[in-house]
Amino acid sequence: MKPRAVLIGVLSFVGLGAVGFVLPRWTVFLFSLALARGLAALSVALLMRAGLVSFGQSLFFATGAYTAAFMVRLLGVREAGLLLVGAVIVSMTVAALTGLWIARYREIFFAMLSLAFTMILYGWLLKAYWITGGTDGLRIPPPTVLGTAWSVDTLRSVLYEATLVCTAVALVLIHLFLDSPLGYALRAVRDNEVRLEYLGSSVWQVVYWAYVLAAGLAGLGGVLTALNVGHVDPQLAYWTTAGEFVFITLLGGTESVLAPLIGAVVFEFLRTYALKYAPYTWQMALGGMMLLLILFMPRGLWTLRYLRFRKAVS
Amino acid sequence: MSRPFSVLNIFILILLASTPPGSPQAPTPPGAPAQLKVGIVVFLSGAAAAPFGVPARNATELLIEQLNAGSAPKPYDRPGIGGVPIRAVYVDEAGGAERQVAELRRLVLEEKVDFVIGYISSADCLAIAPVAEELKVLTFLFDCGTNRIFEDRTYRYVFRTSAHQVIDSIGLARYLLKIRPNVRTVAGLNQNYAWGQDSWNTFRDALLKLKPDVKVVSEQFPKLFAGEFSTEISALLAARPEFIHSSFWGGDLEGFTIQMTPRGLHRRSLIAFTPGETMLPRLGRDVPPGIIVGARGPHGPFAPNTPLNQWFVRAYRDRYGIRPVYASYHMAQALLGVKAAFEKALAANEGKWPTVDQVIAALEYLEFETPSGTIRMAIGKGHQAVEPTAYGITGPYDPQQKEVRLTNVMTFPAECVNPPDGVKSEDWIRQGFPGARCP
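From first to last, the protein sequence lines are chains A and B. Heads up, the first sequence is in the working numbering, so the first residue is 20 and it goes up one at a time. Heads up, the second sequence is in the working numbering, so the first residue is 2 and it goes up one at a time.
Simulated from the structure, these hints should not be mistaken for laboratory data. Do not take every clue at face value.
[As the list claims (entries may be wrong)] Stretch-level coverage of chain A by chain B, calculated; a stretch enters the list once three of its residues show a Cβ under 8 Å from a Cβ in chain B:
{"no.": "1", "stretch": "37-45"}
{"no.": "2", "stretch": "290-303"}
[What the hints assert, rightly or not] Subject to a maximum C-alpha distance of 25 Å in a straight line, what follows is the list of computed PhoX-like cross-link-like pairs (lysine-lysine):
{"no.": "3", "chain 1": "B", "residue 1": "Lys216", "chain 2": "A", "residue 2": "Lys146"}
{"no.": "4", "chain 1": "B", "residue 1": "Lys137", "chain 2": "A", "residue 2": "Lys295"}
{"no.": "5", "chain 1": "A", "residue 1": "Lys146", "chain 2": "B", "residue 2": "Lys425"}
Here a beta-carbon is modelled for each residue, glycine too, at the ideal position from N, C-alpha and C.
Please take these sequences and the hints and turn them into a complete structure.
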């Protein structure tokens, strides 16, 4: 890792950590949701490196969230740490199975197949309502964090800081992954699959492992959302949720691991203020933003970085 | 000698200046805020906006304006709430439970609303109720149907001023046995999500308890907002049930009604739509005769003929050109319930502005007048309202009212269709409705 990247990472981590103590609680809650969504968006960005657009990351997002809900209900687990680990393992296991099919496909076929899988989960969550609560969903009571049952007032801040730590760890891991040979192979998949095969790597394996890793990320985002919100419902698995992750990824950009996170924070606040100031036309406001972004900033908000750089040179 | 007199003079002058004659400013109680800010959360976009969200929003606008002006009839003629004007902040309920949890936090912590009224979707109600409790904000669920809220948990800050969905299902089972005591075969047609599943299960269980030899010949669960129902219509025509239960609403309700009429499903089987009342003013003469409709309580055409209801219907029709539907009535129940509770607490507190705890004390087991009649917060430890329910059969078109007239209207009192306080609906039905008082 370059020292400058480390500096940026540490500074944003400390800055975001301070957010939990400084800003009002509803903003902190939005930051929690944004970070969790950012992780799911990062999983989309990860697959985009290989030229794959997933319209089905909500499959793992919902799997993570519902795993936590079932662990609380059926196994009586209350510790957030255990819920996190369990949710990530289950999400990656699901991906290890669906990946067997999906890793063979590219482009629109990959997108459609990933969408199909998430809609299967959505349909099942609706139909098996005596288990899943149907559209009404399931409640997740306040968890314990590090073995402590925090009071209602401090729990929000504790959950936010826990979300931030999880996000930071995930970011560092993904950054290291992208710097590893497998990470480079991922880029090679997008550029030229045939050459990669001639170099002696298995394209299928590269895509498969990236897919499983991305599922773990999305699952982590899902369980963090579930713990923060305290309720899970099938909307988490619906394809529009996956569409939102793609939206966030395009908003932020895919060049850095930080970009989808920035996209998520901007998206969460855009949506909140769109709802506040345009309660009747907030969807149109968001759509307009998307249009402007594609027209003027096709590589996402991350390109603003270069804007400043150019100014400094001239 | 002249000094004290001039001081008194100035004092009188100031008094006169501060209360200009001709604008009788209602005195606000001591300790009262300058205004009461209420967060209104209803669907302003999406499929539930047209049938429920917008009629509820319209009722809010109308009532807040009339209440603030003090032009509502007795016992609501005091301006605002206890003299304090009400101001509404509207939020779109669209976006899912997660979004609504975030919005509730923003409403309370940023907008600093004094209380929240809203939530049409049961999923939203279930998700936000624990958060409202955490934020210690008075929250009035006004329309959502699930009975899980106060049967699974108890809340201090959360109230529901309308009845839950169980009254529709039990009421319909009783109505059916009144008009067709020898019914043998029934079928269900419900949207495949919690509302449809709960409505059908409660209806089936209640009917089988009341008449165990009834046979269920078909259970159709098309997906929510399917819009096109030719396969379900064919299946129901083939199954030939004597009676069809449906909890369809909104676009699905209107679409299904229009699609099944030419195929004559309603002539072969008696069909009931539990929230069918909302389509009457919208479809007008396209509503076929001979179908059963309900309004989730004594609302719309089932509302009592009281001065309060006459005023509400007239004011609503004058302003929006259409009569209020049950979502508007539910909103009126919430707003008037809040007003009644605050003013009761105000009186109990010797005219001083009450604390939230005093308002909660006033709300629990409160009885108040609404356009839908007297509402009692009788179950769920005083946090859940009970309502009577009513059904009728569509008859000939009435050009004056611009909708079909209802015949065979029957009302079932609240004690007949609601479980007693502390009893879960499911257990109540299984035990055979102990304590039910029916006409």
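Tested hints:
1. 37-45: It holds, with 3 qualifying residues against the three required.
2. 290-303: holds (count 8)
3. Lys216(B) with Lys146(A): 23 Å, holds
4. Lys137(B) with Lys295(A): Roughly 22 Å separates the two Cα atoms, so the pair holds.
5. Lys146(A) with Lys425(B): At roughly 24 Å apart (the allowed maximum being 25 Å), Lys425(B) and Lys146(A) satisfy the hint.
Of the numbered hints listed earlier, not one is contradicted by the structure.
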